[in-house]
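Chain order of the listed sequences is H, P and S.
Every position in the first sequence, counted from 1, becomes a number in the numbering used here once 24 is added.
Every position in the second sequence, counted from 1, becomes a number in the numbering used here once 20 is added.
Every position in the third sequence, counted from 1, becomes a number in the numbering used here once 7 is added.
One or more of the hints may lead you astray.
What the hints assert, rightly or not - Chain P stretches covered by chain S per the calculated footprint, using a threshold of three residues with CB under 8 angstroms from any CB of chain S:
(1) 109 to 121
(2) 254 to 268
Stated by the list, open to error - Computed footprint of chain H on chain P; a stretch qualifies when at least three of its residues, placed anywhere within it, have a C-beta under 8 angstroms from a C-beta of chain H:
(3) 194 to 200
(4) 213 to 221
(5) 239 to 246
Everything labelled a hint here was simulated from the structure, so no lab data went into it.
The C-beta atom is built at its ideal place from N, Cα and C for all residues, glycine as well.
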Amino acid sequence: MSVDNIIGIKPDFLVLRSITKSYKEKLVLSIDELKIGENEFFSIVGPSGSGKSTLLSILSGVEEPSSGQIFLRDKNITSIPAEKRPTAMVFQSLSLFPHMTIGQNIEYPLKVKGIQKSIRKNKAIELLNTLRLNDEFYEKKITECSGGERQRIAIARVLAYDPEVLFLDEPLSALDYRLRKTLEVELKDLHKRTKKTFIYVTHSLEEAMIMSDRIAIMRDGKIIQIDKPEDIYLKPADKFIDNFLGENNILPVKTNVQNGKLKIINKEKNINDEILSPKNNKLKEGYLIIRPECIEFKKLDKEINSSIEITLQNDYFLGSKICYVADYNGIQITIERPREEKFNFKVGDKIKVYWKPSDSHFVEN
Amino acid sequence: MLNEKKIVSTGFLMALPNILLFLFFFLAPMLIIVGYAFTPSLTFDILSELSLENFKRILNEKYYISFIWSLILAFITTLILLFICYPVAYGLVNIFGRATNIITLLFIMPLFVTETVKIYGWSLFFLKGGILNGILDYFALPFPELMYSIPIIIIGLTYNFLPFMLFPLVLGIGLIPNELRLAARDLGATRTTVFFDIDLAIAKPGIIIGSLLTFVLALSSMSESRMLGGKKVIMIADDIEFAFGYQQNWPLGSALSIILAIVATIILLILFRWLDIKSFIKK
Amino acid sequence: MKKIKNLLFYLYTICLIVFVMIPLICVGIMSFSPHRFLTFPFKKSLSTKWFNEVFNSLAIQEAVTLSLFIALLVVLFSIFLATFGALAFARYSFKGQSIYQKIILLPIFFPQGVLGLGLLLWFNILGIPLSWKTAALAHMVWLIPIATLIISIRAFSYDPKLESAASDLGASKIQVFFTITLPMLAPGIFSGGLFAFLLSWVNFPISLYTSGVDTPAPLWIFSKMAVTFTPTAPALGFTVFLGSLIILLPTFIFLRPKS
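With the hints as extra help, turn the sequences into a complete structure.
Below, the structure is given as structure tokens:
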């Protein structure tokens, strides 16, 4: 679990130390240290119950931690209540005020500060346009808007507060696929334009990977990995994260101390296959993970490959790629190849497949 | 529902008994009262002549004073109840959790006791020689003579109609999702600002329904002022009863009744417009 | 901070509950008074002689019986009319339904004194002599709408598709009514009937004008309070109150009706 120092981002902008949270004697959150950089798009990913929402509540000030401190620009903000922190949250349910018009909603942070009506209105319209909504929306009611529009209004409202840190709690989870994809791109773009720190909570790792500078993965109240998206994808810290990432190939292996290769373990039969270990591997026993798109049906020249022989069971056409499902002594192997590569395989064929050891990743049990 | 051509729809048939009951035993009596109101005073033959005598009497003999008193007392009662009940309603929605049922039961209970018994209980409490007197004597404290005064009437009214303010308020406050309050605070609003911008604004239907209901009931009440207030203040319903009973002046009583009935009906119809839109969506 | 705030709410509510209990407690205390007239504190020890009178007096027994008859008659009619009325209110649309919905609730909050008097005049013109039966009818005018409202709440909350599903599967309209509709409405019908019973039982203003010579219990209490003071009246009042409580309590625990 390492914190990368990303070039161009000021580290130590938002720091959590020794944060814990318990509800009625039960520990739900425990974090030693978390550092988020200024202007970073930082995502927190995890399934329900992983503690991500609790972490968000503590960061935004809605809840107090049971112990630990939070620092913003080296200032201790742990006991500062939510309304006084320079942070604002877009709630999962959006929490738009149903009895106010859209304009009144967006203006609310400004109204609370005592800013004049005319200035407020201008700012609100400006924000509507920033979020690609036209001026007409100012007078409309919330009930007249679609899910995607409401999403944008909630974000506009939060921007009106002009916070230093924006929290987003699963904002896209209720939207349909197309809308989500559109808004993911827009959010990323908004982040670039507004240059604010975004802290984004979601249960979809895929979503986080599209938008984030770094991702923290949580499980059972702890952070198990913080990395850039590519690193999480290629080197998931454990099998759990792997499940997140969808179909992946997982081979149980044991290091052969004599030759440094990996022996594949299989409880039922005796397999004597050995494959190459990724470089600098120090683990003795665990799982070797290979992404489906890293496996090929032909030997890769100039490289030393690992290889195994599989039996083809099925293949699927997935648009731009073809997915092959095969069996290797009871272990399911998934291979994805681009549509253009043509092969004449039949179900039941025994085929040899190859991958580069550096494309594989060894994790512990 | 099968799509048959019906002469009369099922819904209408089902509503019919209630409609008939309403027409024959609610609307009809009211029309009779209207009839009597325009009958000369002190006659028992309805509409023997058409006359505005009763209404003239109401103006000249200052009956309208009781009406004004009724309006004032009803208004004060409503205002007091609004402030008294709001915290309890807030508690019932947001704080009491499992105790909510028991507390609700305790507040509903008085509805199932005869009015006169409740008012009697208050007179037992406040009368000279009564329970409060006894308790204060025990602690050697002075006993304020509260019976037969306006404050006592207000206590009685407040007591009797408390549930009718409390439960609409509970409905209204129940409409506020707590997250809205959090969101407002997150955006910089103080607790007070949140209360005015969010709580009151969203609970408005409940507040209005509770107020209208309490007002109309307090306006029409008959026993409190007579039994607790003595002759201090006469409310309109007392005058009506007096006219019908002691004075045996049905036309006068009817004229007074119409005024009360019209005011009550207008208020109730306004109330039902609010009830109709908001709370049935919630239900 | 939060705990103190919650505590304050509880304390305040408890004070209000005490306020609500005061008259009831006073009535209760007076029922056990050893004296005939109002003196507090009691100079002698508590006595149950007034309760004895309540249970032995013929006049009281007659009054209570009358109240019971009235209430039962009211419940009987209420259950039928209110069930159908509720279905019309909530389920089956027809022309004029919205007017129906608004008007039908009017008698509930209408000045009861005026209603009672109006009915008195009306019965007079119709030539119907006043008795406990006319009182029962008068009660129905304002109680059936209440029962209708209560059952409607129940009717709004169940899914009408259940009925379509049943008729889809071959059930006739009558079968659907008895096997689906009625059972779904049952809790509402029960609450509605219960409320009608209890509210009729304790009603005063309407009974006052429409009972004629008959004296249901609330009128009896009133006459005793207005004319001669005897603790028998509060004793009866208290007994009725306890009776209502005993009926209400288990219902509340098991059914949780919403207001």
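Hints versus structure:
Here's how the stretch 109 to 121 of chain P fares: 5 of its residues keep a CB closer than 8 angstroms to some CB of chain S, so the rule of at least three is met and the hint holds. A stretch counts as covered by a chain when three or more of its residues have a beta carbon under 8 angstroms from one of that chain; for the stretch 254 to 268 of chain P and chain S the count is 4, and the coverage holds. Coverage of the stretch 194 to 200 of chain P by chain H holds. Counting CB-CB distances below 8 angstroms, 3 residues qualify, and the rule asks for three or more. Coverage of the stretch 213 to 221 of chain P by chain H holds. Counting CB-CB distances below 8 angstroms, 4 residues qualify, and the rule asks for three or more.
Under a criterion of three residues with beta carbons nearer than 8 angstroms to beta carbons of chain H, the stated coverage of the stretch 239 to 246 of chain P fails, only 0 such residues being counted.
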